[in-house]
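Using the sequences provided together with the hints, build the complete structure.
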Amino acid sequence: MIVENMQVVAQEEIAPSIFRLRLSGDCAGEMKIPGQFVHVQVEQGINPTLRRPLSICDVDVENRELTLIYRVEGKGTKRLTEKRPGDAVNVFGPLGKGFPAEVLKEKQTAVLIGGGVGIPPLYYLAKQLVNRDVNVMTILGFRTAADVFLEKEFTALGETVITTEDGTKGLKGYVTDAFRQLPENAYDLFYTCGPKPMLQAVETAALSPGYISLEERMGCGIGACLACVCDLTVPDSQSGKKYRKICSDGPVFRAGEVMI
Amino acid sequence: MIVENMQVVAQEEIAPSIFRLRLSGDCAGEMKIPGQFVHVQVEQGINPTLRRPLSICDVDVENRELTLIYRVEGKGTKRLTEKRPGDAVNVFGPLGKGFPAEVLKEKQTAVLIGGGVGIPPLYYLAKQLVNRDVNVMTILGFRTAADVFLEKEFTALGETVITTEDGTKGLKGYVTDAFRQLPENAYDLFYTCGPKPMLQAVETAALSPGYISLEERMGCGIGACLACVCDLTVPDSQSGKKYRKICSDGPVFRAGEVMI
Amino acid sequence: MNRLQVNLPGLSMKNPVMPASGCFGFGQEYAKLYDLNRLGAICVKAVTIEERRGNPTPRVAETPGGMLNAIGLQNPGLQHVLAHELPWLEQYDVPIIVNIAGNEPEDYREVAKAVSQVKNVSAIELNISCPNVKEGGIAFGTHPDTAARLTELVKAVSQVPVYVKLSPNVTDIVAIAKAVEQAGADGLSMINTLLGMRIDVKSSLPVLANRTGGLSGAAIKPVAVRMIYEVRQHVDIPIIGMGGIFEVDDILELMMAGASAVAVGTANFIDPFACPKLIDQLEARMDELGIATLSDIIGRSVSICSQTR
Amino acid sequence: MNRLQVNLPGLSMKNPVMPASGCFGFGQEYAKLYDLNRLGAICVKAVTIEERRGNPTPRVAETPGGMLNAIGLQNPGLQHVLAHELPWLEQYDVPIIVNIAGNEPEDYREVAKAVSQVKNVSAIELNISCPNVKEGGIAFGTHPDTAARLTELVKAVSQVPVYVKLSPNVTDIVAIAKAVEQAGADGLSMINTLLGMRIDVKSSLPVLANRTGGLSGAAIKPVAVRMIYEVRQHVDIPIIGMGGIFEVDDILELMMAGASAVAVGTANFIDPFACPKLIDQLEARMDELGIATLSDIIGRSVSICSQTR
Ligand SMILES: Cc1cc2nc3c(=O)[nH]c(=O)nc-3n(C[C@H](O)[C@H](O)[C@H](O)COP(=O)(O)OP(=O)(O)OC[C@H]3O[C@@H](n4cnc5c(N)ncnc54)[C@H](O)[C@@H]3O)c2cc1C
Ligand SMILES: Cc1cc2nc3c(=O)[nH]c(=O)nc-3n(C[C@H](O)[C@H](O)[C@H](O)COP(=O)(O)OP(=O)(O)OC[C@H]3O[C@@H](n4cnc5c(N)ncnc54)[C@H](O)[C@@H]3O)c2cc1C
Ligand SMILES: Cc1cc2nc3c(=O)[nH]c(=O)nc-3n(C[C@H](O)[C@H](O)[C@H](O)COP(=O)(O)O)c2cc1C
Ligand SMILES: Cc1cc2nc3c(=O)[nH]c(=O)nc-3n(C[C@H](O)[C@H](O)[C@H](O)COP(=O)(O)O)c2cc1C
Ligand code: FES
Ligand code: FES
Chain A
1 MIVENMQVVA QEEIAPSIFR LRLSGDCAGE MKIPGQFVHV QVEQGINPTL
51 RRPLSICDVD VENRELTLIY RVEGKGTKRL TEKRPGDAVN VFGPLGKGFP
101 AEVLKEKQTA VLIGGGVGIP PLYYLAKQLV NRDVNVMTIL GFRTAADVFL
151 EKEFTALGET VITTEDGTKG LKGYVTDAFR QLPENAYDLF YTCGPKPMLQ
201 AVETAALSPG YISLEERMGC GIGACLACVC DLTVPDSQSG KKYRKICSDG
251 PVFRAGEVMI
Chain B
1 MIVENMQVVA QEEIAPSIFR LRLSGDCAGE MKIPGQFVHV QVEQGINPTL
51 RRPLSICDVD VENRELTLIY RVEGKGTKRL TEKRPGDAVN VFGPLGKGFP
101 AEVLKEKQTA VLIGGGVGIP PLYYLAKQLV NRDVNVMTIL GFRTAADVFL
151 EKEFTALGET VITTEDGTKG LKGYVTDAFR QLPENAYDLF YTCGPKPMLQ
201 AVETAALSPG YISLEERMGC GIGACLACVC DLTVPDSQSG KKYRKICSDG
251 PVFRAGEVMI
Chain C
1 MNRLQVNLPG LSMKNPVMPA SGCFGFGQEY AKLYDLNRLG AICVKAVTIE
51 ERRGNPTPRV AETPGGMLNA IGLQNPGLQH VLAHELPWLE QYDVPIIVNI
101 AGNEPEDYRE VAKAVSQVKN VSAIELNISC PNVKEGGIAF GTHPDTAARL
151 TELVKAVSQV PVYVKLSPNV TDIVAIAKAV EQAGADGLSM INTLLGMRID
201 VKSSLPVLAN RTGGLSGAAI KPVAVRMIYE VRQHVDIPII GMGGIFEVDD
251 ILELMMAGAS AVAVGTANFI DPFACPKLID QLEARMDELG IATLSDIIGR
301 SVSICSQTR
Chain D
1 MNRLQVNLPG LSMKNPVMPA SGCFGFGQEY AKLYDLNRLG AICVKAVTIE
51 ERRGNPTPRV AETPGGMLNA IGLQNPGLQH VLAHELPWLE QYDVPIIVNI
101 AGNEPEDYRE VAKAVSQVKN VSAIELNISC PNVKEGGIAF GTHPDTAARL
151 TELVKAVSQV PVYVKLSPNV TDIVAIAKAV EQAGADGLSM INTLLGMRID
201 VKSSLPVLAN RTGGLSGAAI KPVAVRMIYE VRQHVDIPII GMGGIFEVDD
251 ILELMMAGAS AVAVGTANFI DPFACPKLID QLEARMDELG IATLSDIIGR
301 SVSICSQTR
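Which chain is which? The protein sequence lines are A, B, C and D, in order. Note that UniProt numbering has the first sequence beginning at 1, numbered continuously upward. Note that UniProt numbering has the second sequence beginning at 1, numbered continuously upward. Note that UniProt numbering has the third sequence beginning at 1, numbered continuously upward. Note that UniProt numbering has the fourth sequence beginning at 1, numbered continuously upward.
Simulated from the structure, these hints should not be mistaken for lab results. Certain hints may be false.
Lysine-lysine pairs mimicking DSS-like chemistry, simulated, CA-CA at most 27 Å apart [what the hints assert, rightly or not]:
(1) A:K78 / B:K78
(2) A:K97 / A:K107
(3) C:K202 / D:K14
Keep in mind the model is a prediction, meaning the values are calculated, not measured.
Right, here's the structure in full:
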C-alpha cells in the first residue's frame with residue numbers, strides 16, 4: 001500500500017460515459033493482483049472530500065503504467081474526466097484482496113462474467129489466467145451495443161460472449177442467460193463482478209465454485225472505519241466474526257461466503 | 001458588471017510572491033475606470049468558497065485583455081498561481097467606484113502613492129492621467145529592493161520615486177517620507193492605495209485634496225451583504241447614512257470622506 | 001400548467017426559489033444584474049425599529065465549504081424601509097417577505113405591525129435565530145416557550161402570514177417547531193446559520209471582529225436537510241428551506257426533505273446570477289428525474305421512509 | 001526540550017496529535033503504513049459490553065467539505081477488545097485512550113471498570129455523543145444532569161482519567177461542559193459529529209441506510225473552534241480538540257481556541273498518512289509563526305481576547 005501522485009499518461013472515452021485512464025508511477029509495480037483496487041483522490045483539497053475506489057483494470061509493470069476504466073456517475077468521476085496528460089492523480093493502493101488466479105491449474109477453464117463497470121477488473125484477471133495457461137471464457141453484459149467496451153481485448157484472450165439488454169449486439173438478455181446455457185463441465189471456476197442483482201443471479205446459476213467482487217461506499221479503504229461491511233453467511237468459526245470488510249477482506253469473496 | 005470565464009493569456013512572477021496575470025475576454029472592454037476591481041473565482045466549486053477582490057491593473061481594450069497583479073497571501077491567491085495559459089478564470093466585474101481621473105485638467109499634477117499590492121490600480125490610473133495630459137509623479141513603497149515591481153512601467157509615465165524600508169533601493173523609509181518632502185505646490189491632487197497605516201499617514205501628510213482606495217473582506221462585492229462597510233466621517237446630509245460600502249460606494253473615496 | 005409553481009400561505013410562487021434574507025439586501029443591487037421578476041419571491045434583509053450600525057469589520061471569513069458572517073443585522077431601520085426600500089420593490093410583481101428582528105418582543109411587534117400593512121408585503125419572516133447580536137436574535141429562538149410567545153405576539157398584529165425562522169443551534173429543533181406551530185405560525189424558515197468561529201493563526205486572534213459568526217454555505221447543507229426532514233415529520237405548516245443551496249439538486253434535496261420553497265443565500269456571492277440560473281435549470285433536471293411538478297416532491301423522502309419504517 | 005510535548009491528565013504526549021475515535025479502528029490497519037509510535041496518542045474505536053453489529057450499509061455519504069457516517073458503534077465487544085486489541089497495542093509506547101459507549105449507565109460503568117484496569121490504557125473517552133445509535137450515545141450528552149450523572153458513575157470505577165466526549169448538537173455546550181467538570185471529568189473531547197442527512201434525488205431516499213448520520217470533516221471546523229473557545233472560557237479541565245483538522249494550521253487553530261491536544265478523524269481517510277504528516281509539519285510552521293513551544297498557544301485566543309474585552 002502506497003500513496004503516490006501518479007501522472008496521467010492518457011485519458012480516453014471508450015464508450016459513452018466510460019473512460020479509460022492510464023496513469024504512470026512507481027506504485028504500478030505493486031499492483032500485482034487482479035480484483036484489487038486503488039483509492040483515488042480526484043482533486044487535492046476538499047472538493048470532493050472522499051477518495052473513489054476504482055478497480056485495477058490493467059498493469060504494465062515495465063512501463064510503470066496502471067490502467068483504470070471508470071463510468072461517470074457523480075461529482076468525482078465527472079471531475080476525473082477533466083484530467084489531462086501530465087496532470088497528477090493521487091492514488092492509494094493496491095487495496096483489498098483480489099481474485100485468486102492461482103487456484104486454477106493449467107488447461108482448466110475459468111468463466112469470467114462481468115457487467116458494466118464490473119468488467120474492468122476481469123481484464124487483468126483474464127490476462128493473468130491466460131499467462132498461467134488457463135482457458136478463459138468471458139461473458140460481458142451491457143445495456144446496448146453502443147455501451148460495449150473491451151470486447152476486442154477480451155476476445156484476444158479467449159472466447160467472449162457479449163450480451164445486451166436490448167439485443168442490439170450479441171445475445172439479447174442478461175449475462176446470466178448466457179451463463180446458464182453453459183453445460184455442466186464447461187468450466188471449473190467462475191469469477192464475476194458487476195451490479196448486485198447480477199452477482200446474485202450468477203451465484204444462483206453457477207455450477208461450480210467461484211469468486212465474486214462486491215461494491216460498497218467506503219471511507220478509509222483499508223479496514224479501519226467499518227463503513228463497508230457485509231455479513232458473512234456463516235459466522236467465522238475461528239474468530240466468531242459475523243462480518244467482513246469489503247475494502248480489506250474483499251472486495252473479492254468466495255461465492256457463498258458473504259451475503260450479497 | 002458581467003460574469004465571464006476569462007482565459008489566462010499569461011502568468012508570471014514579477015517579484016517574490018507577486019504575480020502578473022493576463023486574462024482575455026469580452027468583459028475587458030467594460031473595465032474603463034482605474035481603481036475599480038474584479039471579483040475573481042479562483043476555482044469552480046467550493047474550494048475556496050468566496051471570490052477574491054483584485055484591482056484592475058491594466059486593460060488593453062483592443063486585445064480584450066485585463067491585467068491583474070496580486071500577491072500570494074492565502075489559499076485563494078496560492079491556487080491562482082497554478083493557472084496556466086488557456087485555463088479559465090471566472091471574473092465578476094468591473095465593480096465599485098474607481099479613481100476619478102477627470103477631476104484634473106491638462107498640465108495639472110497628480111501624485112500617486114502606492115504601497116505593496118496597492119500599487120497595481122495606480123498603474124491604470126497613471127496611464128489614463130497621462131492620456132489626459134496630466135503630469136504624473138509616483139511614489140512607490142516596498143519592503144526591500146527585491147520586492148520592487150512596475151518601476152519601469154511607472155517611470156515611462158512620469159517621475160517615479162522608489163522607497164524601501166531597508167534602504168536597499170531608492171529612498172530608505174516609507175512612501176510618506178518621500179511624500180512629505182514634496183513642496184506645497186508640487187501637486188494638485190493625490191491618489192493613494194496601500195495598507196491602512198500608509199493611507200492614514202498619507203492623508204495626514206497631504207497638502208492637497210486626494211483620493212484613497214480601501215480594502216475590506218467581502219462577500220457579495222456589489223453592495224448587498226453589508227460585509228464591507230466603513231464609517232463616514234460625517235453622516236451623509238441627504239440620506240442620513242452613516243456608512244459606506246467599500247465594494248459599491250468605494251473602494252475609492254475622497255480623502256476625509258470615510259474613517260480609515 | 002406551471003410545473004415550478006408552489007403555494008404557501010401568502011405566497012403564490014411561480015418557482016420555489018427566493019434569495020435568502022441578508023444575502024440580497026433589498027434587491028436593488030441584484031436588480032442591476034437581472035430582472036427580479038424571475039424570482040419566486042424576495043426575502044429582504046432583517047428590519048429593526050431603529051437603524052442598526054451592525055458589528056465592526058471584518059464581518060465575513062471564509063471556511064472550508066462555507067463562510068462565517070457577523071453583519072449584526074445592520075439595516076436602515078423601519079421608517080427608512082417603509083419610505084424607500086419597500087416602495088422601490090413595488091415595481092416588481094413578486095411576493096415580498098420581510099425578515100424582522102428586534103431586541104425586545106415589543107420591537108418585533110411594532111415592526112411586524114407596520115410592515116404587514118404595506119401593500120406589497122406578502123409575508124413576514126420572524127428572525128429568532130440571528131447569532132450575531134447580543135440582544136434578541138437567537139435568544140428568542142433557543143427555547144420553545146420564548147419562541148412561541150413571540151410568535152403569538154407577532155401573529156396578533158400581523159396582517160400577513162408569519163414564517164418563523166429557526167436556529168439550528170439547538171438540541172431539539174422539533175420542539176421549537178412544534179411550539180411555534182401551536183402558537184399560530186403560518187410557516188417555518190430553516191435553517192439560519194450555525195454558530196462558528198475562525199482564528200487567524202498568525203495573530204492568534206479571531207478573524208471576525210465579533211469573534212463568532214454564522215456559518216452558511218455548502219458546508220451546512222446536510223444539517224439543513226436533516227432538520228427539515230425531522231421537522232417535516234412532526235409539523236404540518238410549510239417550510240421554506242435554506243442552507244447550502246448551490247446546485248439545482250440541492251433545491252430538490254431540501255424539497256424532498258420537506259421544504260415547500262427554498263431560499264438561496266451564500267451562493268449569490270459566488271455566482272451573482274445563482275438564483276435565476278438555478279430556476280432555469282429546474283425543469284430540465286425534473287425531466288431527467290421524471291418529476292412532473294415540483295409540488296409532488298415536497299416531503300417525498302419523509303413519506304416514502306414512513307411507509308418503510 | 002520537546003517543543004511539541006503536551007501534558008494532559010494521564011497523557012504525556014510527545015506531540016499533540018492522535019487519531020480520533022472510530023477513524024482508526026484499533027490501530028492495526030494504519031500500523032501497516034507507518035510506525036504508530038510516531039503518534040502523540042491513539043484513541044480507539046468505541047467499545048461496548050457486547051459485540052455490536054452496527055447499522056446497515058450504506059454507512060457513509062459524502063457532503064460538501066465533509067462526510068456523514070452512521071457506523072453505529074460496530075465493535076467486537078469488551079471481551080474481544082480486552083483479549084486481542086489492547087494486548088496487540090502493547091507493542092507501542094504511546095498513550096492509549098479507549099472510547100466507551102453503552103445503552104445503559106450500567107453498561108458504561110462495566111466497560112470503564114474493565115478497560116481502565118488494563119495496563120496500557122492511559123485514559124477513557126466517555127462517548128455521550130454518538131448520533132448513530134437509538135439508545136445511549138447522544139441521549140446522554142444533551143442534558144447537563146444526565147451527562148453529569150454518567151460521568152460520576154464512570155469516574156467512581158475508573159482507574160484512569162476520564163475525558164467526556166461532548167456532542168455539538170446542543171443549545172448550550174458550556175452548560176454540559178460545566179456539569180461534567182463538576183461531576184469530576186478530567187478532561188473533555190470535543191466535538192463529536194453534527195447530526196446531518198443526505199437525500200439521493202434520483203431515488204428520493206436518504207443516502208444512508210440509517211437515514212441520518214454524523215457530519216465530520218473540514219466543513220465542521222468552524223463549529224469546533226467556536227465550541228472549544230466558548231468552553232475554554234468557562235471550564236478549567238483540558239480539552240482534546242477535534243473536528244475538521246486537515247492541515248497543520250487547523251491544529252494550531254483548535255489549540256489557540258483552547259485545545260490542549262487534538263484528534264484527527266476524517267483526514268485519515270483522505271490521506272492515510274495524515275497524522276504523521278501533520279506531526280512532521282508542526283515544527284516548521286511553529287518556526288514561521290514564532291511559536292516556541294506548543295503548550296504556549298493553548299487557549300491563547302481566549303486569553304488575548306479576554307484582555308481586550
Ligand atoms: C472495490 C470497488 C471497485 C470499483 N471499481 C470500479 C471501476 O473499476 N470502475 C468504475 O467505474 N467504478 C468502480 N467502482 C464504483 C466507483 O467507486 C463509483 O462509481 C464511484 O466511487 C462513484 O463516484 P462519483 O464521484 O462518480 O459519484 P458520487 O455520487 O459523487 O459519489 C459520492 C460518494 O459515494 C461513493 N459511491 C458512489 N457510488 C459508489 C459505488 N457504486 N461503489 C462505491 N462507492 C460509491 C463515492 O465513492 C463517493 O464517496 C468500484 C467500487 C468499489 C467499491
Ligand atoms: C477592492 C480590493 C482590491 C484589491 N486589489 C488587490 C490587488 O490588486 N492585488 C492584490 O494582491 N491584492 C488585492 N486586494 C487584496 C486581496 O483581495 C487579498 O489579498 C486576497 O483576497 C487574499 O486572498 P487569499 O486567498 O490569498 O487569502 P485568504 O487568507 O485565503 O483569504 C480568505 C478570505 O479573506 C479575504 N481577504 C484576505 N485578505 C484580504 C484583504 N487584504 N482584502 C480583502 N479581502 C481579504 C479573501 O478575499 C477571502 O475571502 C484587494 C482587496 C480589495 C478589497
Ligand atoms: C451575509 C449574510 C447575512 C445574513 N443576514 C440575515 C438576516 O439579516 N436575517 C436572517 O434571517 N438571516 C440572515 N442570514 C442567513 C441566511 O438567510 C440563511 O439562512 C443562511 O445563510 C443559510 O443559507 P445559505 O447557506 O444558502 O447561505 C444571513 C446570511 C449571510 C451569509
Ligand atoms: C467513520 C467515523 C466513525 C466514528 N466513530 C466514532 C466512535 O466510535 N466514537 C466516537 O466518540 N467518535 C466517533 N467518530 C467521531 C470522530 O471521533 C470525531 O469526533 C469526528 O469525526 C470529528 O473529527 P473529524 O472532523 O476530524 O473527523 C467517528 C467519526 C467517523 C467519521
Ligand atoms: S472503507 Fe473503511 S473499513 Fe472499509
Ligand atoms: S461585499 Fe457585500 S456589501 Fe460589500
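Here's how the hints hold up against the structure:
1. A:K78 / B:K78: The hint holds at about 25 Å.
2. A:K97 / A:K107: Roughly 25 Å between the alpha carbons, so the hint for A:K97 and A:K107 holds.
3. C:K202 / D:K14: 24 Å, holds
When held up to the earlier numbered hints, the structure conflicts with none and fits them all.
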